[in-house]
Amino acid sequence: MHKHTSEFDPHLKDPVTKPPLDPHLKALENEAIHIFREVAAEFENPVMLYSIGKDSSVLLHLARKAFFPGRVPFPLLHIDTGWKFPEMIAFRDEMAERFDLDLVVYTNPRGQEEGIGPFSHGSAYHTDVMKTEALRQALDAGKYDAAFGGARRDEEASRAKERIYSFRTPDHKWDPRNQRPELWNIYNGNIRRGESVRAFPLSNWTEVDIWRYIQAENIPLPPLYYAKNRKFVERDGMLMWAEDPRFQPLQGEQIQEGMLRFRTLGCWPLTGGIRSTATTLDEVIAELEIATVSERQGRAIDRDQAGSMEKKKREGYF
Amino acid sequence: MTAPANTAALAEVQELPEAEAAKAVRDSRPLRLITCGSVDDGKSTLIGRLLWDTKAVKEDQAAALSRDSGKQNDLGLPDFALLLDGLQAEREQGITIDVAYRYFSTDRRSFIVADTPGHEQYTRNMATGASTADLAVLLVDARAGLLEQTRRHATIASLMGIKQFVLAVNKFDLVSYDKSVFDRISHEFKELALSLGVRQITAIPMSALKGENVVYGAGTIMPWYDGPTLVQALELATIRTATAGGFRLPVQRVSRPGESFRGYQGTVAGGSIKPGDSVAILPSGMVANVKQIVTFDLVRNAAVAGDAITLVLDRQVDVSRGDMIVSLDGQPMTGLGFDAQLVALQPGGIEPGKRYWLKAGSRRQRVVVQPVSQLELSSGKWKPHAETLAMNAIGKVRLSFDEQAIFDAYEQNRATGAFILIDPDTNNTVAGGMVTAKRSDLGGIHREGERVLLSLPADLAEELMASEAFAARRDDVDIRRISGQRSNEIFETLE
Numbered sequence: 016m017h018k019h020t021s022e023f024d025p026h027l028k029d030p031v032t033k034p035p036l037d038p039h040l041k042a043l044e045n046e047a048i049h050i051f052r053e054v055a056a057e058f059e060n061p062v063m064l065y066s067i068g069k070d071s072s073v074l075l076h077l078a079r080k081a082f083f084p085g086r087v088p089f090p091l092l093h094i095d096t097g098w099k100f101p102e103m104i105a106f107r108d109e110m111a112e113r114f115d116l117d118l119v120v121y122t123n124p125r126g127q128e129e130g131i132g133p134f135s136h137g138s139a140y141h142t143d144v145m146k147t148e149a150l151r152q153a154l155d156a157g158k159y160d161a162a163f164g165g166a167r168r169d170e171e172a173s174r175a176k177e178r179i180y181s182f183r184t185p186d187h188k189w190d191p192r193n194q195r196p197e198l199w200n201i202y203n204g205n206i207r208r209g210e211s212v213r214a215f216p217l218s219n220w221t222e223v224d225i226w227r228y229i230q231a232e233n234i235p236l237p238p239l240y241y242a243k244n245r246k247f248v249e250r251d252g253m254l255m256w257a258e259d260p261r262f263q264p265l266q267g268e269q270i271q272e273g274m275l276r277f278r279t280l281g282c283w284p285l286t287g288g289i290r291s292t293a294t295t296l297d298e299v300i301a302e303l304e305i306a307t308v309s310e311r312q313g314r315a316i317d318r319d320q321a322g323s324m325e326k327k328k329r330e331g332y333f
Numbered sequence: 252m253t254a255p256a257n258t259a260a261l262a263e264v265q266e267l268p269e270a271e272a273a274k275a276v277r278d279s280r281p282l283r284l285i286t287c288g289s290v291d292d293g294k295s296t297l298i299g300r301l302l303w304d305t306k307a308v309k310e311d312q313a314a315a316l317s318r319d320s321g322k323q324n325d326l327g328l329p330d331f332a333l334l335l336d337g338l339q340a341e342r343e344q345g346i347t348i349d350v351a352y353r354y355f356s357t358d359r360r361s362f363i364v365a366d367t368p369g370h371e372q373y374t375r376n377m378a379t380g381a382s383t384a385d386l387a388v389l390l391v392d393a394r395a396g397l398l399e400q401t402r403r404h405a406t407i408a409s410l411m412g413i414k415q416f417v418l419a420v421n422k423f424d425l426v427s428y429d430k431s432v433f434d435r436i437s438h439e440f441k442e443l444a445l446s447l448g449v450r451q452i453t454a455i456p457m458s459a460l461k462g463e464n465v466v467y468g469a470g471t472i473m474p475w476y477d478g479p480t481l482v483q484a485l486e487l488a489t490i491r492t493a494t495a496g497g498f499r500l501p502v503q504r505v506s507r508p509g510e511s512f513r514g515y516q517g518t519v520a521g522g523s524i525k526p527g528d529s530v531a532i533l534p535s536g537m538v539a540n541v542k543q544i545v546t547f548d549l550v551r552n553a554a555v556a557g558d559a560i561t562l563v564l565d566r567q568v569d570v571s572r573g574d575m576i577v578s579l580d581g582q583p584m585t586g587l588g589f590d591a592q593l594v595a596l597q598p599g600g601i602e603p604g605k606r607y608w609l610k611a612g613s614r615r616q617r618v619v620v621q622p623v624s625q626l627e628l629s630s631g632k633w634k635p636h637a638e639t640l641a642m643n644a645i646g647k648v649r650l651s652f653d654e655q656a657i658f659d660a661y662e663q664n665r666a667t668g669a670f671i672l673i674d675p676d677t678n679n680t681v682a683g684g685m686v687t688a689k690r691s692d693l694g695g696i697h698r699e700g701e702r703v704l705l706s707l708p709a710d711l712a713e714e715l716m717a718s719e720a721f722a723a724r725r726d727d728v729d730i731r732r733i734s735g736q737r738s739n740e741i742f743e744t745l746e
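Protein chains in written order, with the numbering used here: chain A, 16 to 333; chain B, 252 to 746.
Keep in mind the hints are simulated off the structure, nothing from the lab.
All C-beta atoms in this analysis are idealised placements derived from N, C-alpha and C, irrespective of residue type, glycine included.
Please note that the accuracy of each hint is not assured.
[To be verified] Quick look at which bits of chain A chain B covers, simulated, 3 or more residues with Cβ under 8 Å:
| hint | region |
| --- | --- |
| 1 | 49 to 58 |
| 2 | 74 to 81 |
| 3 | 205 to 214 |
| 4 | 257 to 271 |
Construct the entire structure; sequences and hints are all you get.
Put into C-alpha cells, the structure is as follows:
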C-alpha cells in the first residue's frame, strides 16, 4: 500500500477553503483531467515530460488532481542537459519528494562523454544533442507509448493545428500532412507497437490562463520566477546568470548584481533574465498585468484612431 | 440577441470599471465557435481583425506584422490576414490545412475559434471543427450574397448539432452600406436556417477590413442597423449543456489506490448527481447508490455535466472502463442495432460490411456499418445509397454491434450520442458519427408485408399484449391459445 492512501482521508475530511475556480478555468481544468485519465487508461506505459517550468508545474498539478486520491500513475521524465539552473534541479527533487512521484532523469550519455555544452559547441548543437536527441533516447529506453507534454496551441501558428493526441511514428516523426481528425472529445488511441502519441492536456490554455490558474490554485513555482539579488552579465542583449562555476566572463564584461527574475526556464546560458522587483506571485502577475494595461492603453489609442477614422469617413462620406 | 449596439451603448460597454469587467469574465465558460467561409469572403481578414481588435495578438507578432506588412489596407493598418501567416506558409508548402484553433477574449468571455478552410475537403474539416462548436459564423461577401457554398456550410453545421448561426455579411462597404442588400441577404438566410431547424439567427452587416461591426461598432455609417456587433453577438450566445436530461458518467478508469477505496473516474456527460442518488451501471443494469463524489479539492455535494469527478458507490458492483453510470430515470438506449448519420473522413471511405472499431465516450467496441442513404448537399435531399460512402460523404447508416452498445440520440445529448470509427487496418479515424435512434427492427426480421409467427409462454404474451405498441396495432394481430405440443407440431409443418 502506498503512503498516499493514508493521506487522502484527512484531506477529504478537511476541505480546502479556497474559493471555487471561475467557470472558464474550471472548464479548462475539466478538459485537461479528462485527457489525463483517458491516456492513462488507454496506454500501457505513459510518461509525463517534466521541464520544471510554469507550464510543467500546471501540468503536474492537473495530473495530481486527475488521479486523486491515487498517486500519479506514471513517471515524470526530465531531460537534464547538465546546464539547468541549480534552483530548477532542487525544485524538481523537492516536488518529486513532496508528491511521491516517480522521477526519471535522463542525460544523453554521448553528449556527456563528449562534454557537449552551449559555450564549447554552440547553442544549436547543444540543444540538438542534449535535448532533442536525449528525449528520443529516453523515450526509446523507457518504451513509453504515450508522452504528456505542456504545449499550448496559442504558443505559435504551427501549433494551432496540433491535435490533443498527436501521433508519432516509431522514429518519433510527426507528419502534419497526415494527422488524424479529432472530433468531439473522443480521442483515437489506437497505435501499433513502437508507435506512440504525444498528449497535450493544455492545448486550449493561453498564457494568461496558466498564470491565473497558478494564482487560483496556489501552485508552487521554482524560485527563479521571483526576483532575487543575482549576479549577471549583459551579453548579446541578454542578461546572463553569472554564478555557475563554468561561467567565464568575456573580455570587457562586467559582472553586475541586482534584482533579477526569469520569465521562462531552461539552460542558464540560453535563458535571459529580466530586471524586476516582483518577489511574490501576486507581484509577478501584477507585472504581467502592467503589460496588459499598456496593451489596454494601446487599445485606447486604437479607439481614438477608430474615432478619428470614423470622423474622416464621415467627412468623406458627406 | 437584440442588444442595442448604437455607439452610445457600445461606449458604455467598453467603459465598465476594471473591477466590474473582471467580475464579468468569471461568469462563463469559453464559447466555442466555427467560422465558415472562404478566403474570397474575407475570412482570414475577419479572424485577423478579431484577434487584432481584442488584443489577442502578442506584442512580438504585432511588431513583426507592422514591420513585414508591405501591404497595408486603406486605413494604414496592417494586413490582418498576415496574422495567420504561419499557416499560409504551410499552405504554400503544400501541407493540408485542416483545422486550426485560435483564442481571443473580451472582458466578458473567452472564445475558441475552430478555423477551417472554406474550400477543398471542406466537409470533413468543417465536421471536425463543428463537432465541438456551440455556434457557427457563416461568412458571405455582400456583393455575392448567399452561395451554394453557404447552403452547404449551413447544412453541415446544423447536422453536427449547431443550433446558433451568425451570418456575417462582409465587405458591406463595397455595397455602399445599402440596407436593402442586407435585408435581402438576411431574409434569404433566415429562411435557409429555419428550413434546417436552426432558430437562433443573427445577421450582421460588417466590414472586417475596416473593423466595422466586428469588435467595434460602425459609428453612424449604418444608422438603420441597431443590432449587435459580431463580438456582442458572440458574448450573448448560449453554451449548450446537457444538464437537463438524465445523469451520464462514462467510466474512464477505476481508481483503486488502496484496499479501502474504489472510485469510478470520468467526466459527467449529462444531468447531475448527488450523494444518495440511485444509479444503474450499464450495460449490466446493476443498481447502486452514490456514496461520495470525490475531487481533489473537496468532497462535493453535487456534480453537473462537464465536471471531471470520481464517484464512490455504496456497494461492491462490477464496473469497468467503458461502462456508463446513469440515473434510474431517463436511461440511455442500449442495444445491438442503431441508426446513425456519419461523415466519411478518409480517402478509403466507409465500406459496407467492414468491421470497424467504434469509440463513443470511453467505450470502444466492434461494429459493422451498413450505408442506407447519402445526403446530396446541393439540394439537401437524402438519396438511397448502399455502397461505400466516399470521403466527405454524409450518410445515414445502420450500426450492428456484437455486444451491447449504449447511446443517447445526438439531438438529446452530444456527448453520449457521438462516436468515431477507427479503421482496424490503418488505425486512422475514418468517420465521425451521430446516433439518431435505436433500430426498431429486431435482428433485421422486419420487412414490409411479411409476418412473423411467434410461439410464447402465455404469461410473456400477456405482458406483450399489455404494451402500448401492441395496443396501438391490436387489429393487425392474430392470436390463438394452444398447447406447447400443438405449437411444436405447427412449427414442424412450416419447415
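Against the structure, the hints come out as follows:
1. Only residues whose beta carbon comes within less than 8 Å of a beta carbon in chain B count, and the region 49 to 58 of chain A has 5; three or more means the coverage holds.
2. Beta-carbon proximity to chain B at under 8 Å applies to 3 residues in the region 74 to 81 of chain A; the threshold of 3 is reached and the given coverage holds.
3. Beta-carbon proximity to chain B at under 8 Å applies to 3 residues in the region 205 to 214 of chain A; the threshold of 3 is reached and the given coverage holds.
4. Residues of the region 257 to 271 of chain A with a Cβ under 8 Å from some Cβ of chain B number 0, which does not satisfy the need for three, so the listed coverage is violated.
Hint violations for this structure: number 4 only, all remaining hints satisfied.
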